Amino acid sequence: MKLTLKIWRQQNNQAKGHFETFEVSDVSKDMSFLEMFDVLNERLINEGKEPIAFDHDCREGICGACSMYINGRAHGPWHETTTCQLHMRAYNDGDTIVVEPWRASAFPVIKDLTVDRSAFDRIIQAGGYISVNTGNAVDANAIPIDKTDADHAFAAAACIGCGACVAACKNSSAMLFTSAKVSQLALLPQGDPERKQRAMDMVAQMDKEGFGSCTNTGACEAECPKGISLANIARLNREFIAAGFSSEA
Amino acid sequence: MLNAKIPAGPLETKWSKYKSTVKLVNPANKRKLEVIVIGTGLAGASAAASLAELGYKVKAFCFQDSARRAHSIAAQGGINAAKNYQNDGDSVFRLFYDTVKGGDYRAREGNVYRLAEVSAAIIDQCVAQGVPFAREYGGLLSNRSFGGTQVQRTFYAAGQTGQQLLLGAYSALQRQVALGNVKMYSRHEMLDVVKVDGKARGIIARDLVTGKLERHFGHSVLICSGGYGNVFFLSTNAMGSNVTAAWKAHKAGAFFGNPCFTQIHPTCIPVSGDHQSKLTLMSESLRNDGRIWVPKKQNDNRKPTDIPEEERDYYLERRYPAFGNLVPRDVASRAAKERCDAGYGVGASRMAVYLDYADAIVRYGTIEASKRGEDNAPKEEIIAMGKGVVAEKYGNLFDMYAKITGENPYETPMRIYPAVHYTMGGLWVDYELMTTVPGLYALGEANFSDHGANRLGASALMQGLADGYFVIPYTIGNYLADEIHTKPIPLDHPAFVESEKKVQGQLDTLMNIRGKHSVDHFHKALGKIMWDKCGMARNEQGLKEAINEIRALKEEFWKDVRIPGGQHEFNPELEKAGRVADFLELGELMCMDALMRRESCGGHFREESQTEEGEAKRNDENFSFVAAWEYKGPGNFDLHKEELNFEIVHPTQRSYK
Ligand SMILES: Cc1cc2nc3c(=O)[nH]c(=O)nc-3n(C[C@H](O)[C@H](O)[C@H](O)COP(=O)(O)OP(=O)(O)OC[C@H]3O[C@@H](n4cnc5c(N)ncnc54)[C@H](O)[C@@H]3O)c2cc1C
Ligand code: SF4
Ligand code: FES
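Protein chains in written order, with UniProt numbering: chain A, 1 to 249; chain B, 1 to 657.
Since no wrong hints were added, every one of them can be taken at face value.
List of simulated lysine to any residue pairs, SDA-like, C-alpha gap at most 20 Å:
(1) B:199 - B:491
(2) B:57 - A:131
(3) B:576 - A:40
(4) B:559 - A:46
(5) A:147 - B:138
Honestly, the hints are just simulated from the structure, not real lab data. The structure displayed is predicted, hence computed values, not measured ones.
Whenever a hint applies, use it, and build me the whole structure from the sequences.
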């Protein structure tokens, strides 16, 4: 296959970015999207040019590092698929593909397609945990957990922290990410004692980081590679309201 | 002979006795003691969080943009623990025994027993943190089986166990960051260990965004930097996994244990072309239910579903009736290679075997139908129900397979082939997890400790978390108790200056080569040598050739590598170059170690040493030791030995028949 790639280039956070166009040939359908970038980067290095910087690590759709905005969609066209798991079977000879970084003021560009997502870590620091020191635990089977609750908690916990939800949202809201963690912990008995404080603190941190507000467009859910459901946002809203009431009382 | 400092006394009381007699550090003093943790995988994150909870001042480093993305996140299948929740005869002793046997009698009894002993507490801790393990309808935890065992002791969270465990440890770590007890340095790479008066006292790290070198002091340093499977270029490891931190520690005086012990995992998606950048694991848990086979006829071109039952060779079930598809990894991998080399392989490259779920789908479908009281359901409905059950257990793995290969594994058997997966070798550590450099520790996959010559599935996660949550918090106190009077060493101390100069020198040299070939070019060439000559089968001649080829490649690298961009900016190519430079040195040592060990054991298969049936043949008389290599200068290593004494388990020819 021959393809035309229009890729965002930006030397660093201060520099102005622009699109650069590359023609690539010999793209095999078996390649992953990132392997196509590897081949292109190898060529750029051989030509004495700078390769395109992008985040990636596991290439198995689980670490959440890869983060390309492809033809107007976070992680590209395949449903529930990260950039690294997208394969070139998705494209046809002659296609043009536009690739940009996540765009959000809370995710400043570091270089080319690489952005700084440390805001997500700070949201977790605000309360995305259960306060239990090592050695304090009771037997793992001491508290049975309803299988449905456990399954829902697991589904929420599947979030890989990639930030596609933010990139997909016109308000750059981080509600899907934040709500996934709040939900996971709210659904488990172990998370119960801190649930009110957690919801308030994590939402406060989210606002402080400069993420936008949620207007329920659902774009995040549609683009989330792990199928994190909007129901989590509804649950976060309930948690938040409940917390607000009880703290006023 | 090296002394591992294993406490005296009966196996069952060594650890409890150690814990109750070890030196302690009082809380006020802990606040004055600083610990550097390199790595935030299961080992690093659990250690950093637990030490911070105890009151130590911790600095944690990782090269990814977030601690949550450490390679542990990718672990799929599960974590072992001797809980015996299934009432199927499991016990601490059995887990200990299986691990020593699984490792082909090349691990320390004392360490392995401790690992089995603390395993249960790991599951308790994780559940308390909110790790959503799979549960049964009654609300209790579910278990599955893994290779090399006959009990069900593996806890799991679908095919995402590593993710859930790591997020548990990561959240504990973030809590300590928020409390100010841990300072987190992501997008930082450690490039040297700083020693003062023979003790580890800090590190040099590079800020990967600005390219600036930094000096950090610590009363002790923990290397939790993971495994080095990427020395083979293609492996199931994440792209960034590397040996640099461990290798710099090695060059600073830490001995390297059993470097040639590599695990080749039997079930991975085969290579599809030259563009291949990594290999994808299909979790061992799939061997619980899947059956492995090849056609009985050589070069059979029929579609797998067209090959009738009687023309299929379920070679693992045939050769190993007692364990069948659940033989340990080294055995399963070699058996797959044997079939493919003999001309029975499948797929376009003929370097693959089938992993088939058709039987499992029918079996689960039938159970499901009977649960629903639909015993006479038509075949299609049974199959549909069976697919549902399989999807619940393994759905994410099946999806991954479909995305990568474009084939539907619910309809047609998966094609799989062995791939490099894990390194049992690593920094040599004593019972306290301390390397041969005082104050320098190694945890998780970065150390060589508990898996001998072959790791059993679901035991790496267990070991990483055992080291971090339950071992280091005790053992580090034994060292730091004597350091309470050591004031932080100023960063302009000559040892820091010297070390930084050395690191800077290497960066300058790399940038100034301006050669013709990319870093990947050299990495791929190294990988090919390692895979061909130090991979699944090794022999004297091949290893000798490999050593010469690697030396030549190393020379070429330092003359001809091309690194674009600058040093004082975000430059992934420069990061890779430093890592490949270290892999080139490590590769040579791995071949030397493999050459020295003229026996087969576990994953280390010397063709010269096999039984008539082609199984690995150990030589206990001459090789019942840990090989610990000391760095003596470029390409120059001295061998030290730690003798292995088996008091409880008596080494025999491992049999899974
Ligand atoms: C695909 C796959 C599936 C697996 N599945 C299982 C399973 O089901 N069960 C099981 O028991 N095991 C499994 N394993 C093995 C297991 O995942 C690993 O052995 C284990 O997670 C290693 O953990 P770790 O903490 O030692 O290192 P890692 O998780 O690899 O973490 C290394 C850390 O060190 C940091 N680091 C490295 N070098 C530097 C440096 N120079 N400077 C700063 N930081 C550095 C990294 O940033 C990272 O944070 C699997 C492995 C793979 C590849
Ligand atoms: S909610 Fe989905 S899109 Fe958002 S960070 Fe998590 S996995 Fe990524
Ligand atoms: S590289 Fe890890 S999710 Fe894509």
